[in-house]
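**Q** In case you want the letters, here they are:
Protein chains: 2
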Amino acid sequence: MRIAVAGVGGMGTRFALKLAQAGNDVTLVETWSARLAALKTQGLQAKLDGQEVTMQLPAYAPDEVPATPGFDLVLFLTKSMQLADLARTLQPLYGPQTYVLCLMNGIGHEQTLGKYVPQERLLLGNTMWTAQMARPDHVLLQDDGSCELGSLTADPAQVQMAQTVVDVFNQAGLKPRLLDDPRYSVFRKGCVNGTLNTLCTLLECNVAEFGQTTPAHALVEAIVKEFAAVGAKQGLHLDVAEAVAHVESCYTVIGEHYPSMYQDLVVNNRPTEIDYINGYVARHGQAAGVATPYCQMLTAQVHVKEQLRHAHNDQ
Amino acid sequence: MRIAVAGVGGMGTRFALKLAQAGNDVTLVETWSARLAALKTQGLQAKLDGQEVTMQLPAYAPDEVPATPGFDLVLFLTKSMQLADLARTLQPLYGPQTYVLCLMNGIGHEQTLGKYVPQERLLLGNTMWTAQMARPDHVLLQDDGSCELGSLTADPAQVQMAQTVVDVFNQAGLKPRLLDDPRYSVFRKGCVNGTLNTLCTLLECNVAEFGQTTPAHALVEAIVKEFAAVGAKQGLHLDVAEAVAHVESCYTVIGEHYPSMYQDLVVNNRPTEIDYINGYVARHGQAAGVATPYCQMLTAQVHVKEQLRHAHNDQ
Chain A
3 MRIAVAGVGG MGTRFALKLA QAGNDVTLVE TWSARLAALK TQGLQAKLDG QEVTMQLPAY
63 APDEVPATPG FDLVLFLTKS MQLADLARTL QPLYGPQTYV LCLMNGIGHE QTLGKYVPQE
123 RLLLGNTMWT AQMARPDHVL LQDDGSCELG SLTADPAQVQ MAQTVVDVFN QAGLKPRLLD
183 DPRYSVFRKG CVNGTLNTLC TLLECNVAEF GQTTPAHALV EAIVKEFAAV GAKQGLHLDV
243 AEAVAHVESC YTVIGEHYPS MYQDLVVNNR PTEIDYINGY VARHGQAAGV ATPYCQMLTA
303 QVHVKEQLRH AHNDQ
Chain B
3 MRIAVAGVGG MGTRFALKLA QAGNDVTLVE TWSARLAALK TQGLQAKLDG QEVTMQLPAY
63 APDEVPATPG FDLVLFLTKS MQLADLARTL QPLYGPQTYV LCLMNGIGHE QTLGKYVPQE
123 RLLLGNTMWT AQMARPDHVL LQDDGSCELG SLTADPAQVQ MAQTVVDVFN QAGLKPRLLD
183 DPRYSVFRKG CVNGTLNTLC TLLECNVAEF GQTTPAHALV EAIVKEFAAV GAKQGLHLDV
243 AEAVAHVESC YTVIGEHYPS MYQDLVVNNR PTEIDYINGY VARHGQAAGV ATPYCQMLTA
303 QVHVKEQLRH AHNDQ
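Chains as they are written, first to last, in this note's numbering: chain A, 3 to 317; chain B, 3 to 317.
These aren't lab readings, by the way, just hints derived from the structure by calculation. We put the beta carbon where it would ideally sit given N, CA and C, even for glycine. A hint or two may mislead.
The following label-pair restraints were derived from C-beta to C-beta distances [stated by the list, open to error]:
#: 1; chain 1: A; residue 1: 136; chain 2: B; residue 2: 177; range: 50 to 58 Å
#: 2; chain 1: A; residue 1: 312; chain 2: B; residue 2: 220; range: 17 to 25 Å
#: 3; chain 1: B; residue 1: 237; chain 2: A; residue 2: 244; range: 39 to 47 Å
#: 4; chain 1: A; residue 1: 269; chain 2: B; residue 2: 291; range: 36 to 44 Å
Mimicking DSS-like on lysine-lysine, the simulated pairs with C-alpha atoms at most 30 Å apart in a straight line are [said to hold, decoys possible]:
#: 5; chain 1: B; residue 1: 49; chain 2: B; residue 2: 177
#: 6; chain 1: B; residue 1: 20; chain 2: B; residue 2: 177
#: 7; chain 1: A; residue 1: 227; chain 2: B; residue 2: 235
#: 8; chain 1: B; residue 1: 117; chain 2: B; residue 2: 235
#: 9; chain 1: A; residue 1: 177; chain 2: A; residue 2: 49
#: 10; chain 1: A; residue 1: 20; chain 2: A; residue 2: 177
#: 11; chain 1: A; residue 1: 227; chain 2: B; residue 2: 227
#: 12; chain 1: A; residue 1: 235; chain 2: A; residue 2: 117
#: 13; chain 1: B; residue 1: 227; chain 2: A; residue 2: 235
Kindly produce the complete structure, drawing on both the sequences and the hints.
**A** If you want it as structure tokens, here you go:
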């Protein structure tokens with residue numbers, strides 16, 4: 003499959019590496035100039051499950067990607083706040099045979115992509131893989147993981163493409179699962195981000211450390227209930243108990259992990275994706291008349307912390 | 003006036019020093035053995051407005067204080083979680099002529115003291131002075147401040163004593179103000195602690211740094227509204243706009259200050275008074291059927307942070 007990976011941070015590196023190793027034709031698209039320079043000169047480097055790996059793959063700035071021959075798949079794995087710009091810049095890539103897949107953290111990205119790509123060409127999902135980019139030229143990939151994706155509509159060709167992508171990802175060892183309702187799954191994943199990413203960032207701990215504290219369960223449940231209340235207004239009926247259990251399974255599955263938001267703000271002093279996680283719930287809750295005090299307060303606290311640290315993007 | 007200062011941390015040091023300098027007969031009562039040892043051997047030491055000061059004052063563990071001659075005033079300035087024990091241990095000091103004054107952070111202390119002291123002998127208030135105890139043998143006292151106190155009932159002798167204490171404090175330069183309704187004032191001060199102490203502790207910043215962030219105003223207002231809703235159930239009708247303005251005045255008045263809760267947890271790794279501030283509002287809100295999600299979440303977050311840091315008392 004001919005695949006453009008748009009956003010080659012930690013997670014983009016994992017997917018690009020695994021897909022290229024499995025024989026796919028992978029092109030890298032990266033906004034951050036220091037990262038792009040490293041990709042061009044040193045190749046895609048990572049410590050993957052304890053082994054140093056390097057692959058030389060074609061790498062481009064967003065406005066430099068050759069549009070022909072067309073891509074079968076454009077896979078978005080950038081930070082949420084960069085999606086709108088990147089999706090617009092990459093418009094020349096969305097050919098008649100091209101599907102667009104978003105596996106990013108954050109809720110509502112299908113609306114952003116929907117400005118440029120018809121719903122019948124959009125695939126949506128999320129990933130439970132972890133990744134850590136310590137420097138522009140190196141990524142640490144450990145922990146077991148999985149991912150999920152599905153078709154946004156019942157269009158037969160689109161449903162078929164979702165299955166094909168699952169097969170390709172499966173051959174690449176990315177442990178994909180085909181979803182009937184990817185928006186539900188994104189909301190469910192949002193519960194993980196909106197609890198663990200946010201609280202581990204504010205409280206500066208890893209997932210297992212947070213999970214061992216006595217207030218953890220009540221905090222997680224209160225936040226998940228707000229996601230569910232706002233989801234219900236959008237026709238997504240989240241199973242609260244199951245979503246809470248899903249969050250809490252992370253305490254053991256990825257316990258040693260410092261979530262991506264922690265890496266963004268605490269380690270790398272960059273702005274966070276909070277507006278696309280708890281901020282999404284707070285904003286849409288307010289619009290729908292649903293009280294979301296927990297998500298409101300968490301969003302505000304993270305923004306305070308960003309401002310205190312003068313968080314900024316390197317690029 | 004013959005005064006026992008019960009709890010000689012940072013704030014107790016300020017009051018004991020100023021009152022003794024003004025000629026009052028001051029006795030120190032201290033639970034923490036390392037601090038008590040320093041008080042006995044090195045005296046009461048502080049850097050007071052830039053000047054090193056030392057005074058030798060009688061200092062005792064709580065169960066060693068001579069009960070005769072009786073005290074005119076027992077002034078409680080200990081940490082909230084130590085009050086119940088200390089108030090019980092000091093029972094022999096509450097003679098027929100003795101008044102008890104509590105100027106501590108936290109809400110509801112008059113209920114704890116009321117188990118041992120009749121309401122007609124209780125004075126209540128709070129202080130806007132700052133203090134910082136860096137080591138068991140040294141205290142840093144800077145910033146301008148003030149305090150407020152009043153009588154819990156309309157008992158004429160008690161009202162007279164409140165005025166007498168104000169006069170004594172005034173002579174000592176403690177800038178006291180006489181209150182008609184000290185419980186109102188304690189709730190109003192609770193708004194300062196429940197916003198600035200809590201958020202500066204969670205976000206690890208000083209008062210001015212927090213105040214400069216864009217979410218600060220909305221956060222403060224949301225929290226103060228919860229204090230007001232719970233206060234209303236107790237007959238205390240807080241002026242929300244005035245209380246918010248009072249909190250926000252701290253951004254300039256004590257901007258460089260790291261609140262006592264920050265010092266407790268972040269600097270000294272000790273448990274905080276959160277259960278007597280936001281925790282009080284959350285608990286009494288729950289009992290009265292008033293929603294207090296902000297105070298609930300803040301209380302839980304501070305407890306998570308205490309547990310992550312394995313906070314403990316030195317004594």
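**Q** Take the hints in turn and mark each one as holding or not.
**A** Going down the list of hints, with the structure as the test:
1. For the pair residue 136 of chain A and residue 177 of chain B, the supplied restraint of 50 to 58 Å holds, since their beta-carbon distance comes to about 53 Å.
2. Residue 312 of chain A and residue 220 of chain B have their C-beta atoms about 21 Å apart, which keeps the hinted 17 to 25 Å range intact.
3. Between residue 237 of chain B and residue 244 of chain A the CB atoms are about 44 Å apart, so this pair conforms to the stated range of 39 to 47 Å.
4. Distance hint check for residue 269 of chain A and residue 291 of chain B: the Cβ-Cβ separation is about 43 Å, which falls inside the suggested range of 36 to 44 Å.
5. Between residue 49 of chain B and residue 177 of chain B the alpha-carbon distance is near 19 Å, which keeps this suggested pair within the 30 Å criterion.
6. With a C-alpha separation of about 11 Å, the suggested pairing of residue 20 of chain B with residue 177 of chain B holds against the 30 Å cut-off.
7. Proximity of residue 227 of chain A to residue 235 of chain B is assessed by CA-CA distance (about 27 Å); at most 30 Å being required, the pair is judged to hold.
8. For the suggested pair residue 117 of chain B and residue 235 of chain B, the alpha carbons sit about 22 Å apart, so the restraint of at most 30 Å is met.
9. This hinted pair checks out: residue 177 of chain A and residue 49 of chain A have alpha carbons roughly 19 Å apart, not beyond 30 Å.
10. Distance restraint check for residue 20 of chain A and residue 177 of chain A: the Cα-Cα separation of roughly 11 Å lies within the 30 Å cut-off, and the hinted pair is therefore satisfied.
11. Note on residue 227 of chain A and residue 227 of chain B: the hinted pairing holds, with a Cα-Cα distance of about 23 Å set against a maximum of 30 Å.
12. Between residue 235 of chain A and residue 117 of chain A, the direct Cα distance comes to roughly 22 Å. Compliance with the 30 Å bound is thereby established for this hinted pair.
13. Between the alpha carbons of residue 227 of chain B and residue 235 of chain A the distance comes to roughly 27 Å, so the proposed pair stays at or under 30 Å and holds.
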